[in-house]
Amino acid sequence: MILSSEEWGIVTLSLQVSLVAVGLMLPVAFAMAWMLARLRFPGKLLVDALVHLPLVVPPVVTGWLLLLLFGANGPIGRLFEQALGISFMFRWTGAALASAIMAMPLMVRAMRLSIEGIDRRLESAAETLGAGRWRVFLTISLPLALPGVLAGLVLGFARSIGEFGATITFVSDVPGETRTLPIAIYSALQLPGGEMAVTRLAIISILLSLGALVASEALARRANGGRTNHVL
Amino acid sequence: MSFDLSIDHAVGDRRIRLDCRTQAGLVALFGPSGAGKTSILNMVAGIMTPDRGRIVVGGETLFDSETGVDIPPARRRAGYVFQDGRLFPHMRVRANLLYGRHAQAPMALEAVLDVLGIGHLLDRWPATLSGGEAQRVAIGRALLSGPRFLLLDEPLSSLDPARRDEIMPVIERLKQELAMPILYVSHDRAEVERLADQVIAL
Numbered sequence: 008m009i010l011s012s013e014e015w016g017i018v019t020l021s022l023q024v025s026l027v028a029v030g031l032m033l034p035v036a037f038a039m040a041w042m043l044a045r046l047r048f049p050g051k052l053l054v055d056a057l058v059h060l061p062l063v064v065p066p067v068v069t070g071w072l073l074l075l076l077f078g079a080n081g082p083i084g085r086l087f088e089q090a091l092g093i094s095f096m097f098r099w100t101g102a103a104l105a106s107a108i109m110a111m112p113l114m115v116r117a118m119r120l121s122i123e124g125i126d127r128r129l130e131s132a133a134e135t136l137g138a139g140r141w142r143v144f145l146t147i148s149l150p151l152a153l154p155g156v157l158a159g160l161v162l163g164f165a166r167s168i169g170e171f172g173a174t175i176t177f178v179s180d181v182p183g184e185t186r187t188l189p190i191a192i193y194s195a196l197q198l199p200g201g202e203m204a205v206t207r208l209a210i211i212s213i214l215l216s217l218g219a220l221v222a223s224e225a226l227a228r229r230a231n232g233g234r235t236n237h238v239l
Numbered sequence: 021m022s023f024d025l026s027i028d029h030a031v032g033d034r035r036i037r038l039d040c041r042t043q044a045g046l047v048a049l050f051g052p053s054g055a056g057k058t059s060i061l062n063m064v065a066g067i068m069t070p071d072r073g074r075i076v077v078g079g080e081t082l083f084d085s086e087t088g089v090d091i092p093p094a095r096r097r098a099g100y101v102f103q104d105g106r107l108f109p110h111m112r113v114r115a116n117l118l119y120g121r122h123a124q125a126p127m128a129l130e131a132v133l134d135v136l137g138i139g140h141l142l143d144r145w146p147a148t149l150s151g152g153e154a155q156r157v158a159i160g161r162a163l164l165s166g167p168r169f170l171l172l173d174e175p176l177s178s179l180d181p182a183r184r185d186e187i188m189p190v191i192e193r194l195k196q197e198l199a200m201p202i203l204y205v206s207h208d209r210a211e212v213e214r215l216a217d218q219v220i221a222l
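Protein chains in written order, with this note's numbering: chain A, 8 to 239; chain B, 21 to 222.
Hints are not guaranteed to be accurate.
Unchecked claim - Derived coverage of chain B by chain A (criterion: at least 3 residues anywhere in the stretch with Cβ under 8 Å from a Cβ of chain A; other residues may be distant):
no.: 1; stretch: 64-70
no.: 2; stretch: 74-82
no.: 3; stretch: 118-128
no.: 4; stretch: 160-169
no.: 5; stretch: 185-194
Claimed, not checked - To be clear about the criterion: a stretch of chain A counts as covered by chain B if any three or more of its residues have a C-beta under 8 Å from a C-beta of chain B, and this derived list gives those stretches:
no.: 6; stretch: 129-136
no.: 7; stretch: 214-224
Unchecked claim - Every beta carbon over 12 Å from chain B, so not counted as near; a handful from chain A, in silico:
no.: 8; residue: Glu13
no.: 9; residue: Gln89
no.: 10; residue: Gly139
By construction, these hints were calculated from the structure, which means they are not laboratory data. Here a beta-carbon is modelled for each residue, glycine too, at the ideal position from N, C-alpha and C.
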């Protein structure tokens, strides 16, 4: 199957949006997962609920909330515009932001589970062997949580590449800026005689997701030194 | 003074108390399970904090609730051999042994491999080791971390009799050759009678 230049544009835009979203969300999600798994602090229940909000609220509502907060007149949106010169409206950056927010709960959940699964007695053992906090974190906690981190990445990427509702609500359908695969499929469906385009885009979408899954399994196997350890 | 311990700690409604000052080389904490023996080792290692008391080993104060001294576990230089081994599952035996490598280790890697008979295990994953092998690797790992004293928590209990007879002389050798204070936890009377210079019943 040879892609037209327009289809290539959609695929690369989708990849760009998803990779940026997952890449930027990774440290944030890990920090939140660590906080929720390990720390006790007032308001923890609230933080937990907020993190899960995009999972339970209709995506359209999430998109609308993003519009209120990060839009041209939104308090955070204005801050970004003034301080960093980054605008989200009708831009791919907005699509990436929406994807990141939608991917967040899945990423945090996967990572939190694996952090909670770390045998803390191994961390104490490392301490008695002379390892300070950072060394324990880098050599014991992080490697033991790695399967969950990878699972979080895969789930987050899958969620991002399929993201539709929040994105179209927040940044609309702008060809070349916010028209990612799902949005392109939806717009093609609206046009008479668009069946062929829809079929091609749908196949691309399936192949992309399968590819990501296979790649992550291979990565997990390598990270575990040949021992099988499934990501999902 | 090898061990100067005075510990008062409450876990739920159970009270762990210990007062001992001793010069003995190998001190055994002897008593039924649930008496708090492992908790005491954890407090000496620094991974558990007593409510009140003082922990001095080999003349160095590791903890004193009155003066506020509480050396973090990473700087106590305890050679702690846990009952369950606690080898790092994501590292091969070699990486496990070298994890806490310290310039002032009492024995070099070759000597440790030789004494414990674990030279052939270096490239294995911990999950593939038998209980006896894992325990010997755990002892090796503790020795290579340059400990000032050893904490041995029922190092023989997970082993079958043949393995026990193998490790027992190793511990006796360590005691004689290293001249290092050893706190040894056990609930086995014969083991304690054979190894200990002093027995503290809990």
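field: Distance rule for Gly139(A), whose beta carbon must clear each one in chain B by more than 12 Å
entry: Per Cβ check, Gly139(A) is inside 12 Å of chain B; nearest 5 Å; violated.
task: Examine the stretch 118-128 of chain B for residues whose CB is less than 8 Å from any CB of chain A, and state whether their number is three or more.
output: Check passed, 3 qualifying residues.
query: Checking the smallest CB distance to chain B, is Gln89(A) really beyond 12 Å?
result: holds, 44 Å
- prompt: Three or more residues of the stretch 129-136 of chain A near chain B by CB distance under 8 Å?
  reply: This one holds; 7 residues, not fewer than the three required, reach chain B with a Cβ under 8 Å.
field: Whether chain B covers the stretch 214-224 of chain A (at least 3 residues having a Cβ closer than 8 Å to its Cβ atoms)
entry: violated (count 0)
query: Are there at least three residues in the stretch 185-194 of chain B whose beta carbon sits under 8 Å from a beta carbon of chain A?
result: The restraint on the stretch 185-194 of chain B is violated, since only 0 of its residues have a Cβ under 8 Å from chain A and three are required.
query: Closest CB-CB distance from Glu13(A) to chain B, is it above 12 Å?
result: Holds, because the least Cβ-Cβ distance between Glu13(A) and chain B comes to about 46 Å, which exceeds 12 Å.
field: 8 Å C-beta criterion, at least three residues: is the stretch 64-70 of chain B covered by chain A
entry: Since three or more residues must qualify, the claim that chain A covers the stretch 64-70 of chain B holds, with 3 doing so at under 8 Å.
query: Can the stretch 74-82 of chain B be counted as covered by chain A under the rule of three residues or more with Cβ-Cβ separation shorter than 8 Å?
result: Answer violated; 0 residues pass the 8 Å Cβ test.
Within 8 Å of chain A's CB atoms, at least three CB atoms from the stretch 160-169 of chain B: coverage verdict: It holds: at least three residues are needed, and the stretch 160-169 of chain B offers 4 whose Cβ sits within less than 8 Å of chain A.
Hint violations for this structure: numbers 2, 5, 7, 10, all remaining hints satisfied.
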